[in-house]
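Engineer: So you can see what is in the structure, the chains are spelled out below.
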Amino acid sequence: MTFFRKALAIVEKDIKAEFHSKEMLSVMLVFALIMLVIFNFAFDVKKQIVNDIFPGIIWITFFFSGLLGLNRSFFIEKNQDCLLGLMLAPVDRSVIFLGKMLSNFVFLLIIEILTLPLFFIFLNIPVPQKFGFFLIILFFGSLGFVAIGTFLAALAANTRASDILLPVLLFPVLIPVILGSVAATKGVFFNLPFSEWSIWLKILGVYDLLFIVVPLMLFEILLEV
Amino acid sequence: MIEVQNVTKKIGDKVILKNISFNVEEGQFITVLGPNGAGKSTLFKILSLLMKPTSGVIKINGIAVNEGGIALRQKLGVISHNSFLYDSLTARDNLLFYGKMYGVKKLEERVREVIQQVGLELSFYQQVKTFSRGMLQRLAIARCLLNDPEIVLFDEPYTGLDQQAIDILNNVLKTLKQRKRTILMITHNFEEGVELSDRILILNRGELVFDEANLYDLKSLKEIYRKKVGISA
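One line per chain: the protein sequences are A and B, in this order. Per our numbering, residue 15 is the first one in the first sequence, and the count goes up by one each step. Per our numbering, residue 259 is the first one in the second sequence, and the count goes up by one each step.
Do not take every clue at face value.
[To be verified] In silico DSS-like pairs for lysine-lysine, Cα to Cα no more than 25 Å straight-line:
1) Lys30/A - Lys387/B
2) Lys30/A - Lys358/B
3) Lys92/A - Lys480/B
[Said to hold, decoys possible] Computed spacing ranges between beta-carbons, pair by pair:
4) Glu379/B - Ser212/A: 20 to 26 Å
5) Arg19/A - Tyr383/B: 55 to 61 Å
6) Leu223/A - Asn472/B: 33 to 39 Å
7) Val187/A - Tyr383/B: 23 to 29 Å
[Unchecked claim] Some chain B residues near chain A, calculated using beta-carbon distances under 7 Å:
8) Ile321
9) Val323
10) Asn324
11) Ile328
12) Arg331
13) Gln332
14) Phe342
15) Tyr344
16) Phe355
17) Val362
18) Leu365
19) Glu367
20) Arg370
21) Ser390
I should point out that these hints are in silico values taken from the structure, not numbers from a laboratory. All values derive from a computational prediction rather than experimental measurement. Every residue gets a Cβ at the ideal spot worked out from N, C-alpha and C, and that includes glycine.
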C-alpha cells in the first residue's frame, strides 16, 4: 500500500504544480484545438471520407498532444534537481515511474475529455452505437502511450536535445499501440462485429502490460545512468 | 556510523576519487574541504546514495549501502546547492509532498515545526518561485529536517546565502550537533561552519590529503590548506 500511496503523492504533487503553472495542460489543449481546426478546414465534413479517417485523426491528435505533455513532465523534475530529491527519498525508484506515468495519464485523459466532444461536433461525426467500447479503447490506447512515453521521457530528459529525442525514440516503439488503437477504434466507428477487431484490443492490452511492467523493472537502472 | 573503505570512482578513463578511506563516528561533524575538481561533489553523491563507487565499500551503521538502499535513505538528510523544491508549488505543498515521500508521522504538525525553525512562517502559502535564494535554501533546510535524519549531508550549503540565511543555517548546524546528529559538510568556504567541525578532511585531485581533528584556528587551517592543495583558500 505504501508503494501506491507514495506514487499517488507524486500524482497529487504534479496536479497541484500544474494547477498553479498551467504550463502543460494549456499547451496540450491548444495543440489539440489547432489540430481540430486544421482537420476541419482540410476535409469536407459532409463527405464520407471524414468518417473513414476519423479514428486516425483523433489518435494522431491525442498522441501528439500527449507528446507535448510528456516533454514537459520531466522538465519540472530537472528544475532545481527535483529528480535527485525524489531519488533521495526512501522509496523504490519504480514508485517515481508509476507516479509520473499516472500523472501523465490523468493529464491526457483531461485533454481527451475536453476535446473529444468538439471533434464529434466540428467534424460532424455521429456518436458510435458502441460508445462504451470506444471509451475502453481510449483508456488502453492512452495508457500504453503514457507508460512507454513516461519511461522514454525520463531517458530523454537527461540529454540536451530531449524535445527532439523523445519523438524519435517514442514513435517507433509505439507502433503496436498506434495500430491497435486506430484499428480497434475503426471497428467501433464502422460498427464491425466485435470478433473482427477484438484482436486489436487484446494486442493493446498485452502491450500496455509490457509497457508498464518493463519500465517498472528498469526505471531504477535508467535513473542511475 | 559511516565507514568509507578504499572508495574509487572512475568516469570513463578519468579517476575522480582515488582510494578514499575514512570513518565518521556517530554525532561527529566533519567538513570536507577542497578546490574545484577535487572530487568533493562526487564523494557527496556517493555518500548520499545517488552514485555508486567504481570500487570500495561504504557502510552506514554497518550496512553496505548497496544492500540497504531504501532503509538507509530514510536515515539521510541532504542539502545541496540546488534546493530539490518545486517552483510552482507553495512552501507548504513542497514540505507536505516530501513529508509523504518520507512517511513522516503527524505531517501537518511537523511541517509547521520545521517551517518555524527556518523562520519562513509568513511565506508558508507562497509559491517557491517567488522566493529569494536565501529563502529557498532555508526551505531546503526545512525539507531536509522533516524526517529528523540521523545523518545530514551538506553540499556547499552557504553558496549564495544572505546574512540572515547564514545565521539560520549556523543555528541549524549547532542544533543538529547538540542533538548528536552526524554531519558531513562539503565546502570550499572557510569562513562559515568550519569552526563547528570536529574534524577536517582535505581532498585534492581525488585524493584524501588531510584528515585530522579540527584543533586549528582559521589562519592555521588556511596555511595547511595552502600546503596541501598548493593554492590559497
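Engineer: Next step is simple, just say for each hint if it's right about the structure.
Structural biologist: Going down the list of hints, with the structure as the test:
1. Lys30/A - Lys387/B: Measuring from Cα to Cα gives roughly 14 Å; hence the hint holds.
2. Lys30/A - Lys358/B: holds, 15 Å
3. Lys92/A - Lys480/B: violated, 36 Å
4. Glu379/B - Ser212/A: 20 to 26 Å: Cβ of glutamate 379/B to Cβ of serine 212/A: about 60 Å, so the range 20 to 26 Å is violated.
5. Arg19/A - Tyr383/B: 55 to 61 Å: Since the Cβ atoms of arginine 19/A and tyrosine 383/B sit about 25 Å apart, the hinted range of 55 to 61 Å is violated.
6. Leu223/A - Asn472/B: 33 to 39 Å: Violated - the Cβ-Cβ distance for leucine 223/A and asparagine 472/B, about 57 Å, lies outside 33 to 39 Å.
7. Val187/A - Tyr383/B: 23 to 29 Å: violated, 42 Å
8. Ile321: violated, 14 Å
9. Val323: This interface hint is violated because 13 Å lies over the 7 Å limit.
10. Asn324: Status violated, d = 11 Å.
11. Ile328: holds, 5 Å
12. Arg331: For arginine 331/B, the interface hint holds, since the closest Cβ of chain A sits about 4 Å away, which is under 7 Å.
13. Gln332: holds, 4 Å
14. Phe342: holds, 3 Å
15. Tyr344: holds, 6 Å
16. Phe355: This interface hint holds because 4 Å falls under the 7 Å limit.
17. Val362: At 11 Å from the nearest chain A Cβ, valine 362/B fails the 7 Å test, so the hint is violated.
18. Leu365: violated, 11 Å
19. Glu367: Status violated, d = 18 Å.
20. Arg370: violated, 19 Å
21. Ser390: Hint violated; serine 390/B Cβ to chain A Cβ min 14 Å, cut 7 Å.
Checked against the numbered hints given earlier, this structure breaks hints 3, 4, 5, 6, 7, 8, 9, 10, 17, 18, 19, 20 and 21; the rest are met.
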